[in-house]
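Asks: Sequences and hints are given; from them, build the entire structure.
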Amino acid sequence: MEYIISQLINGICQGAIYALMAIGYSVVVGVTGMVTFTHGEVMMLGAFASYYVFLWAGNNLFLGIIASFAASWIVGMAVYKICYEHFFNAPRHISLICTVGFSMLLKNLAQILFGANRLPMLNIIENQVYSLGPVKINLLQIVILLVVFALAAVLSLFLNRTRAGIALRAVSQEKTAAYMVGINVRRVAMTGNCIGCGIGGVAGMLMAIYYQTCYATMGGTMSMKAFSSSVLGGMTDVRLSALGGLCIGIIENLGITFSSANFRDAFAFCFLILVLLIRPQGFAVKKGARP
Amino acid sequence: MKKLFAMLTVIALMLGLLAGCASDPKPTKPAGTQGTQAPTGGSGGTAGSEGPSEDKAPIRVGVLAPLTGTMAEFGKTYEVAMSMAAEKVNAEGGINGHELVLEFEDSKGDQNQSAELASKFADDDGIVAILGDFSSGCAMAAAPICDEEEIVLFSPTASNAAFAASSKWAFQIAGLASYEGSYAATYEVGKYAGAHDVAVFYMNTDFGASIVENFRPAAEEAGMNIVFCEGYSDTETDFSALITKAQAANPDHVLIVDQTSISNVINQIRGIGWDVPITMLGPSTSQQVIDLCGENCEDILTTVSVYYSEEDPEAYAFAQEFADRAGFGATVMAGFAYDGVIILSEAIAACGDNITRAAIRDNLAKTDGTYLTGPIKFSEDGDIIRSYLICQIVDGKYVIRCGYDYANE
Amino acid sequence: MSKIKAFVGKHRSLMLTAALVFAIVFPLFGFKKSMVRIFCRILMYFTLAGSLNITNGYSGQTSLGHAGFYCIGAYVMAILTTRFQISFWPVLLLSGIGAAVAGLIISVPTLRLKGIYLSIITLGASEVIRIIALNWEGVTGGSFGIKDIPRPTFFGFTFDSPLKFYYLFLGVAVIFLLISYRLIHSRVGRSWMSIRENELAAKSLGVRTAPAKMMNFAYGAFWAGIIGGIYAVYVQYIDSAVFSLDEGFNIMSMIIIGGQGTLIGPIVGSIVVNGLTELLRPIGVWRFVMYAALIIVMMWFRPQGLMGESNSILAGAKIKMRKAGKTGGKKEAIS
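Chains as they are written, first to last, in the numbering used here: chain P, 7 to 297; chain V, 176 to 584; chain F, 6 to 340.
Derived from the structure by calculation, the hints contain no laboratory data. Note that the structure is a prediction, hence the values are computed from the model and not measured. Even for Gly, the Cβ is constructed at its ideal location relative to N, Cα and C. Among the hints, a few may not be true.
[Said to hold, decoys possible] Straight-line distance between alpha carbons at most 16 angstroms, and here's what the computed EDC-like set of lysine to aspartate or glutamate pairs gives:
no., chain 1, residue 1, chain 2, residue 2
1, F, K38, V, D322
2, V, K343, F, D153
3, F, K38, V, E323
[What the hints assert, rightly or not] Simulated restraints on C-beta separations:
no., chain 1, residue 1, chain 2, residue 2, range
4, P, I284, V, S554, 56 to 62 angstroms
5, F, E142, V, S554, 24 to 30 angstroms
6, F, V113, P, Q134, 45 to 51 angstroms
[As the list claims (entries may be wrong)] Among the chain V residues that face chain P by a calculated CB cut under 7 angstroms, a handful are:
no., residue
7, H371
8, S415
9, Q495
10, A498
11, G502
Replies: Written as structure tokens, this is what we have:
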């Protein structure tokens with residue numbers, strides 16, 4: 007029993023990392039209405055930005071967050087200009103292939119600029135292990151869980167209660183109507199995309215700290231998980247996407263517990279397929295922009 | 176109009192492709208020019224003052240390496256280590272006065288590309304032999320072509336026992352993973368560490384799987400229980416579930432068979448406060464593990480076939496220079512790549528003036544000597560069995576615990 | 006320009022015959038083996054991309070998981086020819102059928118789903134297939150892969166050189182084109198296209214969309230399986246790493262660059278993608294940066310692909326964007 011509980015905790019922590027990525031992802035997809043495959047690379051660049059800041063300014067977490075957020079924001083602007091803005095009227099697969107191309111470009115460029123080897127990110131947050139009865143959890147896992155909950159709460163508040171947030175949601179749901187009521191659709195979409203990317207950058211930083219290393223191809227498999235999580239959450243809703251990430255994390259770890267780690271991705275995808283069979287829109291109930 | 180433009184684009188590309196083929200570097204280069212056609216600029220080009228004489232045509236060797244893609248780190252290792260070796264050969268007068276030129280091609284770690292590039296090298300009469308590819312999978316994909324075209328395919332790093340055995344033109348010097356697995360079981364984990372219940376984490380690639388395949392029977396023979404043995408995909412990053420699972424099996428020793436994410440496993444094992452003794456294997460052994468794990472990797476045991484110790488000035492200088500050039504520490508792979516070039520150039524030199532692909536193969540098979548990474552003598556199949564040191568990480572440095580002859584003691 | 010078009014239109018069969026004769030004859034002009042291998046790759050990817058084009062281009066279901074079907078075909082071939090020594094030709098058919106069955110199974114959940122939900126299911130399925138191939142050690146050889154896959158023979162004639170494989174690939178490509186051409190211009194093909202243009206309208210006009218979609222998936226998968234089977238005997242060594250998601254994206258980028266919903270599009274896409282990656286070799290590590298940049302540029306200037314059909318919904322971008330460009334500046338509404 008203790009064993010199952012600790013595996014559940016592992017699953018939740020792993021899921022929290024997916025959730026962290028999925029939150030940024032669903033903001034991007036929600037606002038632009040386009041699917042992105044660049045998110046993994048945006049996270050990777052955020053992680054590298056914080057790596058260089060840590061190298062230069064010591065282990066200052068606050069500076070790291072700012073740097074990764076800013077770097078990813080700028081990348082987000084480029085992604086928006088190159089992959090979305092031009093293609094709002096075009097079929098979806100065109101911007102999709104553009105994001106695939108852009109992700110390839112960023113990945114290879116990063117490999118040339120930052121080198122192909124793994125870089126250490128040791129002891130940015132002092133590691134401490136807490137025991138709650140039989141269950142062990144370390145400080146980083148707690149931090150990531152807290153960040154996920156805080157981000158989901160803050161973003162929900164922002165999207166539902168503030169003027170800018172409501173504008174974002176309006177653009178997310180119906181671009182023409184948003185334009186008609188006087189929203190500058192292009193600017194709002196760009197800002198929304200950049201916010202999503204910025205959050206992705208911070209997620210990348212936390213991921214790099216959590217796994218204590220950062221490298222140019224770290225985004226690859228992870229962005230697929232972010233994608234699956236946010237599909238599970240219905241693509242556009244921040245809280246549900248976070249929930250989707252948690253679910254995938256738990257399912258994967260339970261699968262590993264009873265079977266083998268070789269099948270990790272298979273568990274995630276089979277679960278996703280099953281859920282989509284029963285609920286074709288994922289967990290979501292309301293209608294939003296669904297690419 | 177646009178369609179016309181499109182057609183023109185395609186036609187231009189086709190022509191470009193054909194022209195690109197036609198303008199392949201000619202095997203016979205005008206005498207006196209020295210330089211490289213290596214597109215990545217990584218070849219050991221310039222000859223020193225007492226270098227090879229300039230009126231002899233250079234000897235060109237093709238190298239398949241994953242210079243881009245997820246294995247780019249190892250491609251870089253290849254590029255740096257092999258260039259160093261080629262510079263050394265050329266500085267010492269080249270191969271019988273001929274300059275040695277390495278031509279790097281990027282296989283991206285993709286088997287199809289590796290096979291096609293091998294074919295491209297084989298077509299070029301000026302290429303006398305092929306080094307590479309890095310991974311066993313790519314080397315295996317290129318092997319049928321080299322077998323057919325009768326050109327040496329010499330992979331310094333492939334460890335799959337089926338590779339060299341698959342063709343008489345294929346050679347490998349990384350030491351068979353099969354033997355390393357049983358050595359680790361009998362001597363490292365068993366005799367030295369004295370473990371009883373072992374947990375094994377392995378990367379599910381041909382390297383990891385063949386180590387485990389041989390570790391298991393040897394460990395059982397040595398009286399150990401394998402209480403946990405699980406693979407994971409090579410893109411895995413989070414090991415917490417596996418670690419908890421292993422912990423529940425209550426082992427007194429952990430063996431990690433990995434190449435790329437070894438630091439992740441170690442960090443995560445220590446991260447949950449589990450201080451079980453850990454053993455890792457040769458390919459993981461490098462300064463990089465220490466950089467990436469910090470104090471988490473204290474006391475970890477490892478087998479190495481190559482040790483860049485300060486007592487061995489040549490090896491030590493090599494490791495230092497490699498680290499300077501590559502920007503990261505040398506693994507055993509670097510030493511293998513370096514030796515690959517040296518061994519091949521000696522085999523070519525042994526051909527005298529009559530350099531043919533078949534003569535190189537025969538001379539390569541006769542290789543018998545001691546190199547940077549130890550003594551090398553090929554078996555019938557073209558592979559070798561290495562002897563290993565057991566090292567331990569103490570205060571951020573590798574310390575030798577048992578010598579090469581520990582197995583015979 | 007219009008004259009050229011009219012000429013091509015009038016003498017279509019003549020042009021096609023000329024192209025075919027050219028394809029048959031030109032590799033005989035003393036190309037190096039490595040060059041012939043590149044031609045083989047182009048033809049192989051042409052059929053592979055063409056089969057994906059059946060799903061993505063003709064019925065408008067964006068499938069990202071074509072590598073999975075390709076994988077099944079290759080493994081069926083490898084396992085049956087090495088383990089059971091069954092000869093190449095019947096197994097080739099089995100490769101196709103195996104992949105088609107997988108396509109049928111995958112198409113069932115996709116009947117309820119649209120757009121990106123469908124894409125992620127195909128993507129997931131492809132990844133699951135690869136993971137099974139990697140881990141089912143007893144059958145697929147696991148991470149060791151399968152080696153020594155025997156060369157096919159045809160009445161004592163062995164396919165043992167790239168040139169012979171070139172003609173095998175060419176033959177398959179031509180058969181694929183002929184069958185697909187007939188199919189697309191039949192009732193079935195028209196129902197696929199009606200689903201692509203407007204599924205609801207198609208339904209109301211009496212097109213039975215569910216069987217049409219299933220058949221579409223199965224047909225596309227069948228050819229991917231056939232190519233997988235030939236690929237296995239061509240390279241003689243397969244392991245699961247080849248059939249990754251990247252490969253799926255690679256195939257997809259070919260049809261998008263070439264133009265979806267046209268038979269000629271995939272061959273153009275295959276030439277461009279394979280040609281570019283080869284041609285850019287001299288710039289070394291910058292190769293893929295450049296390649297990615299070129300793909301983006303191409304999408305900007307010809308979003309419907311180099312050979313895209315202008316009267317399809319897939320080319321909507323062109324029409325709408327041109328309109329937007331004419332009527333207004335930056336503040337044009339985005340619909």
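Asks: Failing hints, ascending?
Replies: 7, 9, 10
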